[in-house]
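Whole structure, please, built from the sequences with the hints as guidance.
Residue numbers (numbering that gives the first Met the number 0), protein chains in the order written: chain P, 0 to 298; chain H, 0 to 298.
Hints in this document: simulated from the structure, not taken from any laboratory.
It cannot be assumed that every hint is accurate.
Note: identical chains are not told apart, hence a pair may lie in one copy or across any two.
[Said to hold, decoys possible] Derived lysine-lysine pairs resembling DSS-like cross-links, with alpha carbons at most 27 Å apart:
hint, residue 1, residue 2
1, 242, 42
2, 202, 102
3, 242, 129
4, 42, 129
5, 202, 242
6, 242, 102
7, 129, 102
8, 73, 202
9, 73, 242
10, 129, 202
11, 73, 102
12, 129, 73
13, 42, 202
2 protein chains.
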Amino acid sequence: MKTALPLITLAILAACQTAAPPPAAQPESVAMDPSAPAITEIKPSAGEQWLLGSAEARIVMVQSWNEIASYVEKQAASRPNASVILAPGATPDAPEFLACGDKPLAAVFDADETLIWNTGSTGAYRRMGKEYDPITWGEWERTGAGKAVAIPGALDGVARIRAAGVEVIVNTNREAANVEGNIATLAQAGFGEFVHGSTLFLKGDTPGGSAKDARRYAISENYCVVALVGDQLGDIADIFNDKTLRPAERRSLSAASAFDSLWGQGWFILPNPLYGPSIAGSMDDIFPAETYWEPASKD
Amino acid sequence: MKTALPLITLAILAACQTAAPPPAAQPESVAMDPSAPAITEIKPSAGEQWLLGSAEARIVMVQSWNEIASYVEKQAASRPNASVILAPGATPDAPEFLACGDKPLAAVFDADETLIWNTGSTGAYRRMGKEYDPITWGEWERTGAGKAVAIPGALDGVARIRAAGVEVIVNTNREAANVEGNIATLAQAGFGEFVHGSTLFLKGDTPGGSAKDARRYAISENYCVVALVGDQLGDIADIFNDKTLRPAERRSLSAASAFDSLWGQGWFILPNPLYGPSIAGSMDDIFPAETYWEPASKD
Numbered sequence: 000m001k002t003a004l005p006l007i008t009l010a011i012l013a014a015c016q017t018a019a020p021p022p023a024a025q026p027e028s029v030a031m032d033p034s035a036p037a038i039t040e041i042k043p044s045a046g047e048q049w050l051l052g053s054a055e056a057r058i059v060m061v062q063s064w065n066e067i068a069s070y071v072e073k074q075a076a077s078r079p080n081a082s083v084i085l086a087p088g089a090t091p092d093a094p095e096f097l098a099c100g101d102k103p104l105a106a107v108f109d110a111d112e113t114l115i116w117n118t119g120s121t122g123a124y125r126r127m128g129k130e131y132d133p134i135t136w137g138e139w140e141r142t143g144a145g146k147a148v149a150i151p152g153a154l155d156g157v158a159r160i161r162a163a164g165v166e167v168i169v170n171t172n173r174e175a176a177n178v179e180g181n182i183a184t185l186a187q188a189g190f191g192e193f194v195h196g197s198t199l200f201l202k203g204d205t206p207g208g209s210a211k212d213a214r215r216y217a218i219s220e221n222y223c224v225v226a227l228v229g230d231q232l233g234d235i236a237d238i239f240n241d242k243t244l245r246p247a248e249r250r251s252l253s254a255a256s257a258f259d260s261l262w263g264q265g266w267f268i269l270p271n272p273l274y275g276p277s278i279a280g281s282m283d284d285i286f287p288a289e290t291y292w293e294p295a296s297k298d
Numbered sequence: 000m001k002t003a004l005p006l007i008t009l010a011i012l013a014a015c016q017t018a019a020p021p022p023a024a025q026p027e028s029v030a031m032d033p034s035a036p037a038i039t040e041i042k043p044s045a046g047e048q049w050l051l052g053s054a055e056a057r058i059v060m061v062q063s064w065n066e067i068a069s070y071v072e073k074q075a076a077s078r079p080n081a082s083v084i085l086a087p088g089a090t091p092d093a094p095e096f097l098a099c100g101d102k103p104l105a106a107v108f109d110a111d112e113t114l115i116w117n118t119g120s121t122g123a124y125r126r127m128g129k130e131y132d133p134i135t136w137g138e139w140e141r142t143g144a145g146k147a148v149a150i151p152g153a154l155d156g157v158a159r160i161r162a163a164g165v166e167v168i169v170n171t172n173r174e175a176a177n178v179e180g181n182i183a184t185l186a187q188a189g190f191g192e193f194v195h196g197s198t199l200f201l202k203g204d205t206p207g208g209s210a211k212d213a214r215r216y217a218i219s220e221n222y223c224v225v226a227l228v229g230d231q232l233g234d235i236a237d238i239f240n241d242k243t244l245r246p247a248e249r250r251s252l253s254a255a256s257a258f259d260s261l262w263g264q265g266w267f268i269l270p271n272p273l274y275g276p277s278i279a280g281s282m283d284d285i286f287p288a289e290t291y292w293e294p295a296s297k298d
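Below you can see the structure in the form of structure tokens.
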């Protein structure tokens, strides 16, 4: 520790030291089985370090939430008469949006990695050396309340949006069967009490599984939606979720002229480099031929 | 491929198919050495897939660049008389900024993962199964022009900033010794011709190695800097680069009240989940004790 650090830094350090150390992150199987391979240190992935740990990600999130709240405040003041929800059958060539009439305004948010970070389950998967599995995830939905944290900037952003008279509605692929745990998770992260079928829409509420358009239409029966916010394109419109699209095709579709002006103007994406349909692509997809380079001298 | 895809999607697909397939991503050593272990498929990391390949990252970048350009345009219209560069000796308790006088306005950008993505070198490291090494990186600085790409939104953002009469200046830790390659890399990515010592500042231009404050002061001799943009806190101020800070302390320092209102208002961070001082932290840092959770039934 440098001696020149200002007092506020010392105060920060003191605050950090109040947390008790967490349980050791060593899998039991290693300790119990002497024939097991040498213990390798369990480490967070680079993406986990960046998203959940870095000052940089905190700042990106605060910047983004400020922009979302400012946009919604402006919309609340100007009272648009068309929503940002694509109408059924809309295409890039015929991008129609739902009409609003005089319905009250709402902003619709995904939950996971949009309002909350799933720090508890992400750490558990890492300690177990597992990727996502539905059994563990279901248990997380039911029992994780208090172990998921509000994303930096989200509580302020949601408060500003509500203060502007705009309803905050959650449209998540958490399961309707786990409704109590999901409501408790959002409440304990500080977002207040959502009401299933009114301000909270879950997988199973409408046909189509994880596709969210049907729930967006249900929300639109009562609200004029002025903002859609998520970490994946499926939080915006099902048209982006065609699983046959390669990454470059998906990027191009999101950049179609009918859609591109919406990003940051009603449609908002927050960074999540950990999981989801955004995490896809072969070497050829991610490092395309026109950028191929190799050093002359390889070790 | 679904038959219902609209014409524009087909046009996108056709455009994607014009690129020739890249060279095979299989290391030579595997082919040449029959005793080598079984070939494991080389895959991009999740962070690489997200940042360089996903529609979501493209959108986050476009959103961010729009905000940066809009902010600089507003500053150009209002002509501030203080810069966003912290004065020497500034602390969170005494956050003083450089004065501007009537100097012309400038916006200062990091290069790597701020203006450009280093797609060529990132792919090369992945194919070689290596992390960053200085020999390869030096060669990349000298020969990578044309294989680094403009970040989505950056070319438009830089054009808007220049159109507002604000000078675009690059402050990067690429080496002064490789100045020609670095100028060529930025030019071939579409950003125009930067001039060393005038609009381009490199490592080695001032004492302090990779610390950028000295270069920020040099820039400020001629310009009033209204925006600082990067992917790491060191692109904003050296005060954040204290290597003794744990991730939570670094986050807290960036959130000190004197600094927090600057993010998105003169200080801007773009997401980079791949490398840098933002990628740090143990299991205890990233998954703090208060979020500890484990499932009752582990497989």
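Going down the list of hints, with the structure as the test:
Taking identical chains as interchangeable, the C-alpha atoms of residue 242 and residue 42 lie at most 27 Å apart only when they sit on different chains, with a minimum of 19 Å there against 32 Å within one chain. Taking the closest pair of Cα atoms, residue 202 and residue 102 come within 27 Å of each other only inside a single copy of the chain (25 Å); across copies the shortest separation is 57 Å, beyond that limit. In this assembly of identical chains, the alpha carbons of residue 242 and residue 129 lie at most 27 Å apart only when taken from the same copy (24 Å versus 31 Å across copies). Taking the closest pair of Cα atoms, residue 42 and residue 129 come within 27 Å of each other both inside a single copy (13 Å) and across two copies (18 Å).
Taking CA atoms no more than 27 Å apart as the test, residue 202 paired with residue 242 passes inside one copy only; the shortest distance there is 19 Å, against 44 Å between copies. In this homomeric assembly, residue 242 and residue 102 never come within 27 Å of each other (Cα to Cα): the closest approach is 34 Å inside a single copy and 53 Å across copies. For a Cα distance limit of 27 Å, the shortest separation of residue 129 from residue 102 qualifies neither inside one copy, at 45 Å, nor across copies, at 56 Å. Taking the shortest Cα distances, residue 73 and residue 202 never come within 27 Å of each other, neither inside one copy (31 Å) nor across copies (43 Å).
Taking CA atoms no more than 27 Å apart as the test, residue 73 paired with residue 242 passes in neither setting, with 35 Å inside one copy and 41 Å between copies. With identical chains, the CA atoms of residue 129 and residue 202 are at most 27 Å apart within one copy only, with a shortest distance of 24 Å there and 41 Å across copies. In this homomeric assembly, residue 73 and residue 102 come within 27 Å of each other (Cα to Cα) only inside a single copy, at 17 Å, whereas the closest approach across copies is 34 Å. Taking the shortest alpha-carbon separations for residue 129 and residue 73, neither the intra-copy value of 44 Å nor the inter-copy value of 48 Å comes in at or below 27 Å.
Taking CA atoms no more than 27 Å apart as the test, residue 42 paired with residue 202 passes in neither setting, with 32 Å inside one copy and 32 Å between copies.
Checked against the numbered hints above, the structure breaks hints 6, 7, 8, 9, 12 and 13 and satisfies the rest.
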